[in-house]
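**Q** Next come the chains, spelled out residue by residue.
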Amino acid sequence: MSAFRSSAILSTALALGLFTAGCSGPVEVKAATLRPEKERKTAPDFTLKDADGKVVHLSDYRGKVVILDFWATWCGPCRIEIPWFMDLQRKNKDRGFEVLGVAMDDEGWEVVKPFLAELGVNYRVMVGDDLTAQMYGGVDALPTTFLIDKTGKVAAVHVGLTSRKDIEDGVEQLLQAPAAVASSGAGGPMVSLGAK
Amino acid sequence: MGEPAKVAAARGAAIEAKIPVTVDAGFHVNSNHPSDEYLIPLKLTWTSLGALEGGEVTYPPPTMEKYEFTEKPLSVFSGAFSLTASFKVAANAPPGPGVASGKLRYQACNSNTCFPPKTADVSVAYQVR
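Respectively, the protein sequence lines represent chains A and B. Residue numbering for the first sequence follows the working numbering, beginning at 6 and increasing consecutively. Residue numbering for the second sequence follows the working numbering, beginning at 69 and increasing consecutively.
None of these hints come from the bench; they were simulated from the model. Worth double-checking, as some hints may not be accurate.
To be verified - Here are the simulated lysine-lysine pairs, BS3-like style, with alpha carbons at most 30 Å apart:
(1) K134(B) <-> K170(A)
(2) K186(B) <-> K118(A)
(3) K156(B) <-> K118(A)
(4) K118(A) <-> K111(B)
(5) K54(A) <-> K186(B)
(6) K140(B) <-> K170(A)
(7) K140(B) <-> K118(A)
(8) K140(B) <-> K96(A)
(9) K69(A) <-> K118(A)
Said to hold, decoys possible - Not close to chain A: a few residues of chain B, all C-beta gaps over 10 Å, as computed:
(10) Y106
(11) P128
(12) P185
Source: prediction; values computed, not measured. By construction, the Cβ of each residue, glycine as well, lies at the ideal position given by its N, Cα and C atoms.
Only chain B is shown next, with the shape it has when bound in the complex (with noise of 0.2 Å):
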């Protein structure tokens, strides 16, 4: 896990985050949005936002591949894609550093397996002016 950036906002700025997500080559993940009920999808939340507001996931369009376990193309997610996430800082902010947290839970397969599903940390740090 490597330093998050810090981004210096005024109280009220409206903001947006990306955050960058890599899947390894050979696997894939549920889109947002998978094809069928039972697939398990790609999310991310939030769990603490401290002097941030709002936190709504953008996702990237997802793709549709076609694997040797479906009949149809599936909705996934391989590669490097980023999620955008909105945010407004506080109106009441303190002055100085913070960080929201978040999970994002996926869950990966490769061409003839899968994988429990699996949480990964995620961290937005800011700079309140």
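Next up, chain A with everything else stripped away, as it sits in the complex (with noise of 0.2 Å):
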């Protein structure tokens, strides 16, 4: 027998070197540290369809609190923070608060639907694509959650799992939000974000 050597550990390492330049750790925005409003931009607007087939615009939400989290099937980390959302759903639903996934899996509904229903998922979800997690600034790093005040601005943007406290926190601190301050910039332009 002879040992053939071939070439896939540099260009494995190649790829994973990547990541790890590409994203340096989780970038954690404690929710007391919730951007200041004035430094706040609007989300990007999307078009993207839930698991009902019906049409999902992110700017149907204005005037509510939202979670946008995008997330995977096969990310771990993902499933651990799906039961917390699902939670703060129940629980604020009826308090201007939305929860919406957005699912980055390539195979599509084909995979997503057994999930939410194997998990009972209690909001709604949406799959993404390409131009989707571009407009949120690639969104390479899974899960990627944004808190989204009143006015459809980002509040917040936590990559790679967070603490459950962070994000209740940040939710209820936007919900108590005066709606003075929370209609001042409603209609604003919509900008590309970073997701750091």
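Using the hints, build the complex out of the two chains.
**A** Okay, here's the thing in structure tokens:
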């Protein structure tokens, strides 16, 4: 028997190295350090379809606090956060709050629908695409979670598994924001956002 | 990508190709038999065998690792390891050099973040005597 040697090591190591260079670790945004309102930028609007085929625009949720969660079925850390979001949805749905999930699975609904059924997800989920990811700064690392205030602006971004308390505190702060402030930025320009 | 090593083999000979893989420190990839149906396995698929036949891939034993985001340990590969592909040189293979090509699909995570599945090119160079 002879042993050939091939060069998979370099390509694989290189690809993972790029990951490392491109994402030096989770960017933790504490709820206590939500972006000041003046520094918040409008979350890019998108048009995606939910599991029932209904069209969803982020702008449909203007006036509500929104968690926008980019995730995938193959993402273990995402699976930890999803039950947190289900709890938040259950507790706050009557307070002007919504969770929106964007699944980044290449296989689309074929894998996402069974997953949602298995977990009993109680909020709207759409299948994302490259355009949506680009609008939000690439979203290569999952989970990536955007906290969006009532005016449709991004108040915080969490890349990677974060703490449940940070998420919950951030949502609560945004829900308690004065209505006058909440409506001041409506209709602002759409801009692309970095995920960090 | 380095130059693949070349090994001479006679027609009809059985050969094994060791395919070294290194995962960056702090990352892991799912093994060929992940712990969960939704996780994406490491999988080497040959796209062109040239004068070789077979190509069955043997994966190393996985390690079971517990991460912050899991309740149970996951079946993963990390660090440096090798895959082994078993070939046979075709009985009617023309003498001379050739390359078998394949794709290695993997999906990597660290302790709190996962990254989309990727594909790396794999090649095995051979010389038929």
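**Q** Hint by hint, note whether the structure agrees.
**A** Structure-based check of each hint:
Restraint check for K134(B) and K170(A): satisfied, since their Cα atoms lie roughly 23 Å apart, inside the 30 Å limit. With a C-alpha separation of about 23 Å, the suggested pair K186(B) and K118(A) falls inside the 30 Å cut-off, and the hint holds. With a C-alpha separation of about 43 Å, the suggested pair K156(B) and K118(A) falls outside the 30 Å cut-off, and the hint is violated. At roughly 24 Å between alpha-carbon atoms, K118(A) and K111(B) fall within 30 Å of each other, so this suggested pair holds.
Taken as a hint, the K54(A) and K186(B) pair is honoured in the structure, with Cα atoms around 26 Å apart against an allowance of 30 Å. With a CA separation close to 23 Å, the supplied pair K140(B) and K170(A) stays within the 30 Å bound. Taking the CA atoms of K140(B) and K118(A), the gap is near 24 Å; set against the 30 Å cutoff, the hint holds. Restraint check for K140(B) and K96(A): the C-alpha separation of about 29 Å stays at or below 30 Å, so the hint holds.
With a CA separation close to 26 Å, the supplied pair K69(A) and K118(A) stays within the 30 Å bound. Under the 10 Å C-beta cut-off, the non-interface status given to Y106(B) relative to chain A is violated; the minimum distance is some 4 Å. The beta carbon of P128(B) sits about 13 Å from the closest Cβ of chain A, which is more than 10 Å, so the claim that it is off the interface holds. Distance to chain A contradicts P185(B) as a non-interface residue, since its nearest Cβ pair spans about 7 Å, not more than 10 Å.
Checked against the numbered hints above, the structure violates hints 3, 10, 12; every other hint is satisfied.
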